[in-house]
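Order-wise, the sequence lines are chains A, B, C, D and E.
Numbering-wise, the first sequence is residues 78 to 360 according to my numbering.
Numbering-wise, the second sequence is residues 195 to 462 according to my numbering.
Numbering-wise, the third sequence is residues 911 to 1423 according to my numbering.
Numbering-wise, the fourth sequence is residues 460 to 783 according to my numbering.
Numbering-wise, the fifth sequence is residues 6 to 320 according to my numbering.
Don't take every hint at face value.
[As the list claims (entries may be wrong)] Here are the computed lysine-lysine pairs in the DSS-like style, where the Cα-Cα straight-line distance is at most 25 Å:
# : chain 1 : residue 1 : chain 2 : residue 2
1 : A       : Lys243    : B       : Lys395
2 : B       : Lys276    : B       : Lys395
3 : A       : Lys241    : B       : Lys448
4 : D       : Lys650    : B       : Lys448
5 : C       : Lys1317   : C       : Lys1197
6 : B       : Lys395    : B       : Lys368
7 : B       : Lys224    : A       : Lys243
In case anyone wonders, no lab produced these hints; they're calculated from the structure.
Here the structure is a predicted model, which is why all the values come from computation and not from measurement.
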Amino acid sequence: MTFIASFLSMFRGRKLAIVGLIWLCIVAFAAIAAPLLAPFDPLEIDPVARLSEPGMPYLFGTDHFGRDSFSRAIYGARMAVIIGLGSVVVALITGGLIGMLSAYFTRLGHVLMRGVDVLMAFPALLLALVLMTLLERSVTNTIIVIGVVYATTTARILFGMTLKLKGEVFVDAAICSGAGHGSVLFRHILPNLISPLLVQASFIFAFAQLQAAALDFLGLGLPPEVASWGNMLSEERIYVTRAPWLLIFPGALIILSVFSMNLVGDAMRDSIDPRFKDDIAGV
Amino acid sequence: MTSTPLLRVTDLHTHFQTGGGLFAKRSWLKAVNGISFEIRQGEVLSLVGESGCGKSTVGRTLTQLEPSTSGQALFNGADILKMNPAEFRPLRRDIQMIFQDPFASLNPRLSIEQTLTEPLFIHGLAASRAQAREQIAETLERVGMDPRVMQRHPHEFSGGQRQRIGIARVMILKPKLVIADEAVSALDVSIQAQVLNLIKKLQRDSGISMLFISHDLGVVRHISDRVAVMYRGQIVETGDKRQIFETPQHDYTKMLLSSIPRISERVA
Amino acid sequence: MNLKTWSKSAVAGLALMALSGTAWADGMMRYATVGEPPSLDQHVVTSDLATTIAHHMFEGLYTFNAANAPVGLLAAGETISDDGKTITISLREGVKFHNGQDMTSADVVASLNRWGEHGSRGGLLFGNVAGVEATGDHEVTITLNEPFGPWKNLMAFINGGPAIYPASVMEAAGKEPIAPENYIGTGPYKFSEWQPNRHVELVRFEDYASPDGAADGYAGERKAEFDTLRFIPVPDVGTRVSGLKAGDYDYAESIPGDLYADLDADNGVTTILNGGPIFGLVFMNSKDGPLQDNFALRRAIQTAIDKTPALQVAIGPEGLWRANGSFLPEGNIWHTDSGAENFSMGNAEKAKSMAKEAGYDGEPIKFMVSTNYPFHYDKAIVYTKQLAQAGFNIDLQVYDWATLIEKRAQPDQWDLFFTHHGFVPDPILISVMNDNYPGWWTTDEKAALKAKFTASSDPAERQAIWSEIQALIYEQVPTMKTGDVYTYNIASPDLKGLGEATLIWPHFWNVSK
Amino acid sequence: MALLEVSNLEIAVATGGQLLPVVRGVSFEVKANETFGIVGESGCGKSLTSLAIMGLLEGSQVRITGGSIHFDGRELTALSAEDRRAIMGAQMAMIFQEPMTSLNPVYRIGDQIVETLRQHRDMSRRQARDRAVELLDLVRIPEPGRRIDSFPHQMSGGQRQRVMIAMAMACDPKLLIADEPTTALDVTVQKEVLDLMADLQSRMGTAIVLISHDLGVIAETCDKVAVMYRGKIAESAATGELFSNMCHPYTRGLLNSIPVVDRDVEWLEAIPGRVPTIDEVLSGCAFHPRCAMAEARCESEDPDKRDVATGHTIRCHFAEVGSA
Amino acid sequence: MLVYTIKRLLALIPTLLAASILVFLFIHLIPGDPAAILLGDTATPEEVAALTREMGLDEPIWKQYLLWLGNVLQGDLGTSVFFREPVLKVIGSGAETSILLATMTMVWIVLFGIPIGIVSATKHGTWVDQVTSGGAMLFASIPTFWLGLYLILIFAVGLGWFPSSGFPSVSDDGGWTNLRYLILPSLTLAAPNAALIIRLVRASMLDVAREDHVRTARAKGLHPAKVAIKHIFRNALIAVAAAFGFTFAALVSEAVVTETVFSLPGIGRLVVQSILRRDYPVIQGVILVIVVLYMVINLLVDLAYARLDPRVSLK
């Protein structure tokens, strides 16, 4: 289990990052065990109990449908993890492949990176808006759209990093040993990209939360009945004075989680290969 | 030592494009600008020169790490510069390269065993992991390393040890020609001596030919049979090492030799 | 400049900007709208927002008084022939357009003709009009094929109605809404500018010729007290409320019911209820799909739904909604309870057996709803749950409004869709009465009743026919009414002359601050 | 009275909450007009010693943990940061190994020299610029009046090192510390730079501390030499004495490891083993694992410094007055 | 440099063309008909179809595109379907707000981001650094609409210091003092972006601080503050300059959420509303303008590079 040990060693002396890591573990646990933890069905409507203040049995109060905010918050954790991981997977797989292949096969890269340039010229949020209107509101589409938005930056980053690695002596050495393209790319280059990719993934995960919340706010994100923190904020935002708890709890959850993910990403970044540090945007 | 040349390079040019784009005019850096030399079986030829003279590019061109612009390089009678990557691949076993930086030339993510197994499998020299492990152990011993280090990763070794591993990776394929590009420049003096001795011994024992690229005249004198002096992309003087060091002909060679700080002067 | 002086001057500049806010001249009324109107052309556009702005500058021949009865505005009076087929309208004299020209019968004829041909509600009347003629400088004669009861109501309803434009503007106008430079009317305010995305601005029309008589609803004297009316799009409702509280707007429309109690109690805010309620409608597809002509299945769906919890969830406080089955509200002359017993039964068991009898075998029913209107969506969520309990397989499809509108025009795309309807003074204006409106309700029974309804001019007879139509709606269920919603607006307490409630659209003549 | 007196200097690196000693008990002195060489392999502590003298360790993980540095009548380790800065660049200057990166790439070389001058001398911009041209001329930069407006990247490595020297000599320092000044240069350029330094020294009387891994460079340029191994001075003597009378086995091993251009040697007499890393704990004499002469005593007992001849000290239990 | 600029601008053309085709396709693939929006809920499908025809929106897409492209080449971006005004005019009024907002935001970013970043880097590893860089990260983690909502509640509704929303143009009554409408929104936008700049300044300065020439500067006996500003920050600025450029471009286009919360008539909100209204010419126009802006800023960044870093030569 050297992987876990080396992962944990990144957090030595970073108390705040450890707190962040613990919080993320709590979120992950809530995401997995949501049905067991949530006292109510997050979709159950109860007009009689609408806009109840926090207390028993509604820990975080209820929204204007009379749905239990605490249960929705717990299922929201699940949605946060799904959106985060989903966007990371889409962004890293599409963007990662484009970036890596473009850097390695120069001629192909000329074409592909030009396309990435065109996409990057589109403002990220506008691109997401147009795509979301084109597709319909759903969890999958939200993931795809956010993933595509970050795929372009990921492609850029991986392009740069692969280019650097391609110039490495050990790659020359592998070529001199007779290694073919596949072996050079996936055996020699890719493993060296894993840890910077993890860092990039952590930042995408964090930004995806904010991006998804922004889409929810604009009414172009997840379907409104889905229990997500962004939807909770967006649907109940008019109650900011009438029922303040409806904004404070989900807001705090988003901020805490994004902050934690950024802290963890930051800690990880400080321990990766210094050559790649500049490549990864993050915060 | 036989007299048939293993490698014969004729009028080799390697130019790099340095500018140019959609609208800009192209400009070229003529890193290697028409050089010719040959290496015989079992011979060590040194290519010596100052930084930027193009000596490293020669090595990289001969291993197809850079495309040549023109010229010919006959290896065992076949022109390796004209080969496409697929055709050249089997020949890579015969033409091996030792790199300068022992810290950069080993993939940090792979164990020593993985690094050394790969060339064996690529060239079909081992049928199983066990077979490979046997050969690796044997080679590691030849380069003066304990075979038990196989499982470790590069960061666990010092510079000298890594360079030995780099040499093992080359020797395990039993190549015919080794190109050593500044193979000992990055090492501390005391370690450099060990590695130089090792290279010399391996070369003698297996009778391979070697193109030894270096800027260090002392090292060159120590290891070579013949020396070619490069200056601005061209070879200005070639000769037997004794001739080059004791009766240099070209002004540039003379200047190089006279620039070297010498301990003996002070001692005397 | 070093860092210290730099930041100092920045702070100073900031303070200057914060303090030097010019007090807005009292001459301007700032109105926070829910968005941008599509166009202010009253002939073709039926947006309530457009009318809220436009009825300050465009006037029709008639308008409504406080009792929702049509009375003259640009018309001085009319005579109707005995057979009811010839209507002669005399126009008020001395009325000027904003461009300075006098309004004459030529302008009225041109306007009515364009409205009749291209106007959204013009067809309802002009399907029956043989011709419109100028029979004098200030007299217009309309010839009908058959007597047509609702003609005056249609003429008085300015939304999608016959606003009077200069003939010169009408000549070039087609189906496409007229451009802002042609916004020339006769109203107390005239068009000043439309800065897209920023505001629509009207200014006082100095040469306005006001009708006589005390102000009564939209009728009677109209006096422009403000120099400027500025309609500012503020799509986010929270911002509208905050902005009004912060004093950045004088009036803000369409405020959620849940905030009513707080705002009503707030001394810094006046709340104004809208007199005519709006009501949600769930249309059923009469052209395609499982509901096409299966009235029994439609009734089963109607039986499954309890409208009250949906209204509670979507609107909030009791006073702002009414689970009312009559298409027109209590107190209105068109109010009737016929068929309304089926309005909100909420009987899942009965619905289940009714559906079974109707041959429903669990095939999916596509229900389209848009999130652009939160109360559509909120109610749809509740209905979907209720229908599911009654064994219906509802496929809820959530779209943005533009997509929904496109999809509903395609009969194979949907079975149910959610929309809402503004208050109208005559049931003929309700969309379900239009055969071409998506849903395409065109049964023989409807056609017969509709013909009778339009032919009669006798109020009592028309009322009776309408109650038959309403009963038919509950029987054939081309659409389901979801209950009345009394929307409200908020205003700064400084505004004087607003009155207790709004008739249909708020108006700012006779209002000052 | 020596210009620079370093005695019992101790330097340690702080890593992971502990202090690893990297320079231990280093003492030497340098007089005006003298060149003092420090030679050793990587990690021996020679560079850190030079940075400590210059006062450039501040703000890093490395700190002086003991000993004194006496310069021109003042104890440097006791000075305030401000007082040290008044000395840095004025009375004491330094040039570094990497001429390619040691100049700020965004400023013209003239401006960088002017900056040093105006920092320490009360000069107008004009005067400083004139002086900078003189200095460039002094370090044999052709067309100094024009080159003064060049950016570093427009110059070759050798030229940049000359600019560094010009900058270092700008305020006529009493001491110049040169940390591997020619390692990154080609031999032909190295010779020019070393000649230039010698020339300037003879003209200005500057004392030089020259750090190098190259025995040849040391032999050609220094008056006195200290050979460092693992943070300690293994052997120290006047250059002639050292090379004719090498006593420490490490010094001898180092010399024998170098392949020379003047004669053929079949096999080099390499020192076995490897250079220890700083975190390795070694008892006794640090060189004993690699030393052919090592005995049990070497493993347990760290040899003290002792004199073998006038001005010739070594740290070794055995070494006697040997022969070259 | 002029030649370079012209060459670069010419090189934009293919990208622009590709981008415009992409936009056109995307937008026309979205279901929905502007005619239906215009006519309102009571309109029947037949009426909508008639208006669609009248507006020429029933032509095949490629024909519409060529028509549009032809007009664009003549400097005419078309007419807004919704506003019935030239697209350029519609964009113009949004651009005023967006550019002023972005500029004001940049002022905050520079005012807060750079000094805090410098302090954070020079105090690297101390509590000052931990507080500033931790705080920066916290600010970058707040959803903008949430922050904006509370800023309005506190500073506009509660304290009444600033207007809550809207922006009545500097040509309106009030003139430049109308900029006070932009204070809260620009602060909202600045929060996450300043945080990014703080962290970028800090990181680049730490990188530069490790470079050899900084040691040279210290060896000259310069005061640490002078080393930090003149030698470290000046060099770090090269990396930060690009971020400034792209932040500005992003601020113009990505302020959608802030513009919605504060009801600002900016470009971002214009696009969102235009998407909802299917006002194709406006969407195309805005995106085209933004893509051009992005590319011009890209070019400016490169020119700035050449200014800031003498090693960069423009070819």
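Inset, instruction - Measure nothing beyond the straight line between the CA atoms of Lys243 (chain A) and Lys395 (chain B); if it is 25 Å or shorter, mark the hint as holding. - result: Violated. Lys243 (chain A) to Lys395 (chain B) sits at ~33 Å, over the 25 Å cutoff.
Legend entry - 25 Å limit on alpha-carbon distance, applied to hinted pair Lys224 (chain B) and Lys243 (chain A): Measuring from Cα to Cα gives roughly 23 Å; hence the hint holds.
Inset, instruction - Could you grab the alpha-carbon distance between Lys650 (chain D) and Lys448 (chain B) and see if it respects the 25 Å cut-off? - result: Distance ~14 Å between Lys650 (chain D) and Lys448 (chain B) Cα, so the pair holds.
Legend entry - Agreement of Lys395 (chain B) and Lys368 (chain B) with the hint, judged by alpha carbon distance not exceeding 25 Å: 14 Å, holds
Legend entry - Satisfaction of hint between Lys395 (chain B) and Lys276 (chain B), Cα-Cα up to 25 Å: Roughly 33 Å between the alpha carbons, so the hint for Lys276 (chain B) and Lys395 (chain B) is violated.
Legend entry - 25 Å Cα cutoff - pair Lys1317 (chain C), Lys1197 (chain C): Distance of about 14 Å is within 25 Å: holds.
Inset, instruction - With a cut-off of 25 Å on the C-alpha distance, tell me whether Lys241 (chain A) and Lys448 (chain B) pass. - result: Roughly 39 Å between the alpha carbons, so the hint for Lys241 (chain A) and Lys448 (chain B) is violated.
Consistency with the previously given hints fails for numbers 1, 2 and 3, ordered from lowest to highest.
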